[in-house]
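**Student:** As a plain string of letters, each chain reads:
Number of protein chains: 4
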Amino acid sequence: MNDSATSPARRIPVGVLGATGSVGQRFVTLLAEHPWFELVCVTGSERSIGRRYGEAARWALPQPIPPAIADLTVEASEPGLAPQLLFSALNRDVAQTVERPCAEAGHLVVSNAATHRMDPDVPLLVPEVNADHLALLEGQAVPAGGGLATNPNCSTIGLTLALAPLHRAFGIEAASVVTLQALSGAGIPGVPSLVALDNVVPFIGGEEDKVETEPQRILGTLASGRVVAAGFPISAQCNRVAVTDGHTECVSLRLQGDPDPAEVRRALMDFRSADTAGLPSAPEVPILVTEEPDRPQPRLDRDRGAGMAITVGRIRRCPILGIKFVLLSHNTLRGAAGGALLVAEQIVSRGLVPGLRRSP
Amino acid sequence: MNDSATSPARRIPVGVLGATGSVGQRFVTLLAEHPWFELVCVTGSERSIGRRYGEAARWALPQPIPPAIADLTVEASEPGLAPQLLFSALNRDVAQTVERPCAEAGHLVVSNAATHRMDPDVPLLVPEVNADHLALLEGQAVPAGGGLATNPNCSTIGLTLALAPLHRAFGIEAASVVTLQALSGAGIPGVPSLVALDNVVPFIGGEEDKVETEPQRILGTLASGRVVAAGFPISAQCNRVAVTDGHTECVSLRLQGDPDPAEVRRALMDFRSADTAGLPSAPEVPILVTEEPDRPQPRLDRDRGAGMAITVGRIRRCPILGIKFVLLSHNTLRGAAGGALLVAEQIVSRGLVPGLRRSP
Amino acid sequence: MNDSATSPARRIPVGVLGATGSVGQRFVTLLAEHPWFELVCVTGSERSIGRRYGEAARWALPQPIPPAIADLTVEASEPGLAPQLLFSALNRDVAQTVERPCAEAGHLVVSNAATHRMDPDVPLLVPEVNADHLALLEGQAVPAGGGLATNPNCSTIGLTLALAPLHRAFGIEAASVVTLQALSGAGIPGVPSLVALDNVVPFIGGEEDKVETEPQRILGTLASGRVVAAGFPISAQCNRVAVTDGHTECVSLRLQGDPDPAEVRRALMDFRSADTAGLPSAPEVPILVTEEPDRPQPRLDRDRGAGMAITVGRIRRCPILGIKFVLLSHNTLRGAAGGALLVAEQIVSRGLVPGLRRSP
Amino acid sequence: MNDSATSPARRIPVGVLGATGSVGQRFVTLLAEHPWFELVCVTGSERSIGRRYGEAARWALPQPIPPAIADLTVEASEPGLAPQLLFSALNRDVAQTVERPCAEAGHLVVSNAATHRMDPDVPLLVPEVNADHLALLEGQAVPAGGGLATNPNCSTIGLTLALAPLHRAFGIEAASVVTLQALSGAGIPGVPSLVALDNVVPFIGGEEDKVETEPQRILGTLASGRVVAAGFPISAQCNRVAVTDGHTECVSLRLQGDPDPAEVRRALMDFRSADTAGLPSAPEVPILVTEEPDRPQPRLDRDRGAGMAITVGRIRRCPILGIKFVLLSHNTLRGAAGGALLVAEQIVSRGLVPGLRRSP
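Chains as they are written, first to last, in my numbering: chain W, 1 to 360; chain Z, 361 to 720; chain F, 721 to 1080; chain S, 1081 to 1440.
Read the hints as simulated data drawn from the structure, not as lab findings. Heads up, the beta-carbon is just placed ideally off N, CA and C, and yes, glycines get one too. One thing to keep in mind: the hints can contain errors.
Said to hold, decoys possible - Over the 12 Å line for every Cβ pair with chain Z, so calculated as not near, a few chain W residues:
id, residue
1, Ile49
2, Arg51
3, Gly54
4, Leu61
5, Pro66
6, Glu104
7, Ala135
Stated by the list, open to error - Here are some of the chain S residues that sit facing chain W, going by a computed Cβ distance under 8 Å:
id, residue
8, Arg1138
9, Ile1145
10, Leu1277
11, Asp1383
12, Ala1386
Start from the sequences, fold in the hints, and give me the full structure.
**Tutor:** What follows is the structure, encoded as structure tokens:
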């Protein structure tokens, strides 16, 4: 790493759209120590605009709010903000009115919102898996330097990262997943405590649809400037459980050739990605495989690989589909802010956007 | 109901083997108000024998310990106890050495232990579903008045109750279930609080095997004095979550003829059982179907039908197997002590065992 | 009890102001089975007016919503509602604009809101303790049949009920209390689950002030139509913990004459109140004393006496103030809706308000 | 720091007695990255002796078990172990038979067990507060190089650290504390999850006595080779709540001269200790004062200062004793393993024990 990479003075200025919420706060925390990016702009809703960020955000993370960022003044979420690179933690409705106008005004927007994930011209990215989909950026009708890239749903990311090596090695014919999702996925105020305590809520609005469609797009093939979805059926049942962070997913798969658990384990353990090599937020090993009989567990495994690695355990035969296992991924790190950072790092490291470039 | 049925003086004396544990306490609470049975005998381990029950039991239920029962002296778990009818809440190993000897000594043992559930000569019962399997009692090599009947695993019961009407109406070809199980299923001390809080444990020893095999036996056919298992494959993934009572199960089914959700809903809602009509512990409607988008939930639905009804919700298409839904059942009422009481009530009401008879 | 008391046709029609919230739902549940009162009117906010109650309320109690009440249409909270007797579960601000106008329009309002509790002309009542304060009703500038009476804060009620017999027997010189309060006290949405889980919040807005002042008014003396506060200092520290229902309070007291723990225990155990004898919501024994070393506990003791009795345990010497103990009371039953019902029962049974009378 | 201090080859070899339990695991984690100490020896109970540590310990921390330590063989807890310096995480009974014999065999034992804390010849230490009590080590009847020093109870440490500057600045006349203690303080299995969930347990065996006596010894004065206890009364009420880590304590104090909250805040904020300057485990600022109205909170504040700083908030007037506030400290870091490490660092840095010396 050369001097320019580490010098704070040369870091790329960035902004976070919707910085006061739960995912926004994760962006702030991760960016506070980022070697390439410097957070210089935060936006929020009407209620927050013009206030000090430290006062407008109802801070809910154990890490203290970074002092320099606490002093930023919250701006409106609209085109024309100072930084070229913007991360979006906007909710779905606001993203609808903000993200494309920002891209059209010359911002590179890397979004965690669901709004544009399935748009034909927008890449939906898990950087280790489908970096080739970045080519969609070239086809966007935006001025040089602008663009819009998206990060998948928090449950989709972990699932797709585990499916990718198996789809490559064997071909997936069907995937069934039941999720046990953490409370932080709903943000703050999110789930009322009286609803969460001593309870399970077997429904999360819109979630099952996302988990059933997004992986097919991510694992799909780029052809003639469009993504052809992978095409195998996915069935999702999504539950909210009383866990702060970390989504647990019980997965069953039908794979071509009916490989045995040892072959599946091998494919998962051996998975590495040249596409993220050297990127600051990339975990050394994206998929950790555990042999412990009762792992992964959210409290013990969610922070592995700085919250960017997923953990897979209990790989065994499924009497119906063939293979089943349990996976865990951190829903606000790998599954939201950290995942979006990795997308941005990949774009920047490849020099895909004029005006933004950094070498790993 | 005639006078004799309600007169406490005429109630059938019963005992509970392993009465100090978590399931034992549920038996005690339910029996304290039972119209047919009178609890007169409690047994426990070496540590407890000879002590007052109120002192030996580490009482953990909100209902206060019934005073008359608190004053019983804990006896050893062995043949020769005063009551003919014994409920067993013994753990698996102890049950191995106690239950058959008791049956052979002329006790009718209704057991919640896993030990003998799959024995060819022992009925494994969900009273609404397979009362015909009671015929196995006749073939047991025990003296008149003796016998051994069993209650399924806590996760099996709710599942099988939901599968039964669908198996009858359509025929089940495959069943996949992911459970989110309550802490009370593990008893006391059970799961350490540091393990349970802010966590999911994706493993419960022996549980998946039980859930994959017991329903097939219960839904099986009695032929030539043996049960022929139903034969469709079941895949189970069992998780422990931070809920006190109430197992949630996410179920996917492949049914013959591929019925739509409305047909499945109808079959579940219409299910009634003449085999349990009038029994004190039988819920009026065994399967409650909810249309609320985010139900069933443990805290809101576990006590429906006095904890003896199960609740099914979110019946919808599964893109892989055809139908999926969520079910909830109370694991220590319907799933343990209450279920065993219902078995005993059915046996007694049919006069299957000399010396024990009561009319509904 | 004569026929008229039990005949539903003769029950007194009542309404609940602010019926859709957490405390409102408790009122609905308790009134559904009340022998004297019949719920015929529910009010709510702008958002709910005109809707079916069953749809407007985000029902959060395990008991199913009573069908007849689910079908009521939500009305506006304002004078002129059909029932003379109105229970108020309004929040503080709305109560400010609604309660006195209702009383002035001839309604008897029994309120759980904090708004008017300290008003000189309004009785603040724990029916077992200060029924004589009901005399304040006579001095209110309202038409015959109208009036305004209030129920104390959820933490105050349990505390004051325990203090009352000790104040009478010995005289209290100082009271220090640290509360561990349940989530239901904050209603729904209330405390976000991410804030409640694996956490303690050592602050509840306005609560400490209420706990430090209300008991002094309740234990005060009525003289010349005004209440002279009891006058001893109270220090309160209020914490929110991850409990659904049931406030735990650690109390230390300086009592005149420095009685020993046995004397204090005796005074608490012997406490009975002729002022609530025969009232439907009055517990037989208001203060239960436990000798168990680790009780009271919310999950095990909150429902004692149908949630209307408090439990006191661990009575022992305090090296600073003299006596300390732990008390538990159900915060939405005794501490809110149930407490207000008991107030109304007392008023009605005494025939204090023209048009409303019922005999215990 | 000179080269020898950082060279792993020169680190002081240490052992942990009782390394498989909850506090033992914290020792292991902290020692794995310690600049002065190198963990080379772990001991356990009969059940564990001879096994690989990685298998004998039921690992329960999010940090993975350090590989080098996982490979150590568990030894018996007895004199003659290889390292001179031993940390003790033994339970009280075992410590009784092991710790003094080890000290008499020439080991320096730094113990977290309660067994010898109040022995006249054993220093009970909060390094920032009473380093002068280390002089007791000289009077111990042990060979050169041996000795026994102790770390206070987990609730005592945080409390005493907050009391120390106030005792110095004003003089404490009385201290009342109600604790809300985390589950990790009870170890594993510790509190059953069914007891902890949706509950408070208002009793922790032996805890109140420790909290009422230990601070007086720590804040006492060394005179003629003995500690004269501080002498002001302490009243403690100890509760277990559903929090993983972090003890919350509600404190009320009577201080000489009745200082106002601003003076108390100043004394707490300004507290620094020359006695721990430069020690690896010493937090830069031992007492953090927060102005947020609803802080400290376990989930947000327990890890401040790497879990070695305590946080004090809500400093305000108490109508009875004069001053009250809330404090939070991490019970297994500052309150157990981390606290003991700091004691050892202080002893070693002062060269108090022949054979062990390291410069900060």
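**Student:** Against which earlier hints does the structure fall short, listed by number upward?
**Tutor:** 8, 9 and 12
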